[in-house]
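Novice: Chains as they are written, first to last, in this note's numbering: chain X, 815 to 934; chain U, 21 to 156.
Among these hints, one or two may not hold up.
[Stated by the list, open to error] Calculated Cβ distances over 10 Å to all of chain X for the following chain U residues:
(1) Gly35
(2) Pro36
(3) Ser86
(4) Met89
(5) Thr90
(6) Gln93
(7) Gly99
(8) Gln100
(9) Ser106
(10) Ile109
(11) Leu116
(12) Ser120
(13) Thr132
(14) Glu133
(15) His136
[To be verified] Result set (EDC-like, lysine to aspartate or glutamate): computed pairs, CA atoms no more than 20 Å apart in a straight line:
(16) U:Lys49 / X:Asp823
(17) X:Lys906 / X:Asp847
(18) X:Lys879 / X:Asp847
(19) X:Lys906 / X:Asp921
(20) X:Lys931 / U:Glu107
(21) X:Lys854 / X:Asp901
(22) X:Lys836 / X:Asp921
(23) X:Lys930 / U:Asp152
(24) X:Lys906 / X:Asp873
(25) X:Lys879 / X:Asp901
(26) X:Lys906 / U:Asp152
(27) X:Lys836 / U:Glu65
(28) X:Lys906 / U:Glu154
(29) X:Lys930 / X:Glu844
(30) X:Lys879 / X:Asp921
(31) X:Lys931 / U:Glu65
(32) X:Lys856 / X:Glu844
(33) U:Lys49 / U:Asp117
(34) X:Lys879 / U:Glu154
(35) X:Lys930 / U:Glu65
(36) X:Lys854 / X:Glu844
Derived from the structure by calculation, the hints contain no laboratory data.
Even glycine gets a Cβ: it sits at the ideal position worked out from N, Cα and C.
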Amino acid sequence: MLSILAVDDSPSIRQMVSFTLKSAGYSVIEAADGTEGLAKAKEKAVNLVLTDQNMPLMDGITLVKNLRGLPMYATTPILILTTESSDDMKAKGRAAGATGWLVKPFDPVRLVEIVKKVIR
Amino acid sequence: MEHAHSVTQAIAVIGPQLRIAQSEIGRMKGIIDTAATELLSSFGEIQGVFRAVDNGQFVIADAALSRAMTALQFQDMVGQLMTGLSERIGMATHVLDHASRTGEASTTSEVTEQIHTFPRQVVLQHDVASGDIELF
Numbered sequence: 815m816l817s818i819l820a821v822d823d824s825p826s827i828r829q830m831v832s833f834t835l836k837s838a839g840y841s842v843i844e845a846a847d848g849t850e851g852l853a854k855a856k857e858k859a860v861n862l863v864l865t866d867q868n869m870p871l872m873d874g875i876t877l878v879k880n881l882r883g884l885p886m887y888a889t890t891p892i893l894i895l896t897t898e899s900s901d902d903m904k905a906k907g908r909a910a911g912a913t914g915w916l917v918k919p920f921d922p923v924r925l926v927e928i929v930k931k932v933i934r
Numbered sequence: 021m022e023h024a025h026s027v028t029q030a031i032a033v034i035g036p037q038l039r040i041a042q043s044e045i046g047r048m049k050g051i052i053d054t055a056a057t058e059l060l061s062s063f064g065e066i067q068g069v070f071r072a073v074d075n076g077q078f079v080i081a082d083a084a085l086s087r088a089m090t091a092l093q094f095q096d097m098v099g100q101l102m103t104g105l106s107e108r109i110g111m112a113t114h115v116l117d118h119a120s121r122t123g124e125a126s127t128t129s130e131v132t133e134q135i136h137t138f139p140r141q142v143v144l145q146h147d148v149a150s151g152d153i154e155l156f
């Protein structure tokens, strides 16, 4: 089963992401911030990372940079799911190595479509 | 002199009110979080019903459930707005406390920096329609 790491400091968003992705047949690991996400990503390689941007301890873009620094995550799709929609932030996400930028609120059907499109 | 005294009195009245407002924002956030958790729990039960009906092959195909999931994310947006509002009130309270103690409007460079770098809008969306998607 393909696994996805969902990182978000909002418990309800994590719950909604998990609910959506598990319903589509993926295994989901949850983390509450970038630091916990990085630790869990190192523990077990996942097939896709979906992360929020604004989080305590470590933000999403810093998480992307850290993951891209690890050989095991050099090509893993990493999507940023955030309320941030400025072009400046998107450019920073892209430069950090993110695969895509999704603005909240997310449509569960569209989220699954995007995940199916990019997951390896 | 009388003017300075009345300003100090005004600050002494406003400061506690701002702290109460900050506390109430925290309570509102807690109530909304709880309500959202309850709704999500109901979604889980609905999913269970679908699974039973579809013999484990349930996929989110139901448009109504999908729309509800999208709309429910208002809780996250509202939560972020409340956190931003609370932080702004915290900064204002700090400045007022400093002014009431010293009679000066200027404050520590740390708070000044925080005020200047704080985003104008913490959440840009104005409704709960699903957001843009861009693959790089």
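Novice: For X:Lys879 and X:Asp921, compute the direct alpha-carbon distance and say whether it is at most 20 Å.
Specialist: Distance of about 27 Å is beyond 20 Å: violated.
Novice: Would the pair U:Lys49 and X:Asp823 pass a check requiring their Cα atoms to be no farther apart than 20 Å?
Specialist: Holds. U:Lys49 to X:Asp823 sits at ~14 Å (cutoff 20 Å).
Novice: Take a quick look at whether X:Lys854 and X:Asp901 sit within 20 Å of each other, Cα to Cα.
Specialist: Not satisfied, since the Cα-Cα distance of roughly 30 Å exceeds 20 Å.
Novice: What's the verdict on X:Lys906 and U:Glu154, does the C-alpha distance respect the 20 Å limit or exceed it?
Specialist: 14 Å, holds
Novice: Taking 20 Å as the top limit, are the C-alpha atoms of X:Lys930 and X:Glu844 close enough?
Specialist: With a Cα-Cα distance of about 19 Å, the restraint between X:Lys930 and X:Glu844 holds, given a limit of 20 Å.
Novice: U:Gln100: least C-beta distance to chain X exceeds 10 Å?
Specialist: 6 Å, violated
Novice: Does the no-contact call for U:Met89 survive, Cβ to all of chain X over 10 Å?
Specialist: Violated, because the least Cβ-Cβ distance between U:Met89 and chain X comes to about 5 Å, which does not exceed 10 Å.
Novice: Given the hinted pair X:Lys906 and X:Asp921, is their alpha-carbon gap at most 20 Å?
Specialist: 24 Å, violated
Novice: Could you check that no beta carbon of chain X comes within 10 Å of the beta carbon of U:Glu133?
Specialist: Per Cβ check, U:Glu133 is outside 10 Å of chain X; nearest 18 Å; holds.
Novice: Tell me if the straight-line CA distance from X:Lys836 to X:Asp921 falls inside 20 Å.
Specialist: Holds, because 15 Å separates the two Cα atoms, which is no more than 20 Å.
Novice: Take a quick look at whether U:Lys49 and U:Asp117 sit within 20 Å of each other, Cα to Cα.
Specialist: 25 Å, violated
Novice: For a C-alpha distance cap of 20 Å, please report whether X:Lys854 and X:Glu844 respect it.
Specialist: This hinted pair holds, its Cα atoms lying about 9 Å apart.
Against the hints set out earlier in the document, violations occur for numbers 3, 4, 5, 6, 7, 8, 19, 20, 21, 30, 31, 33, 35.
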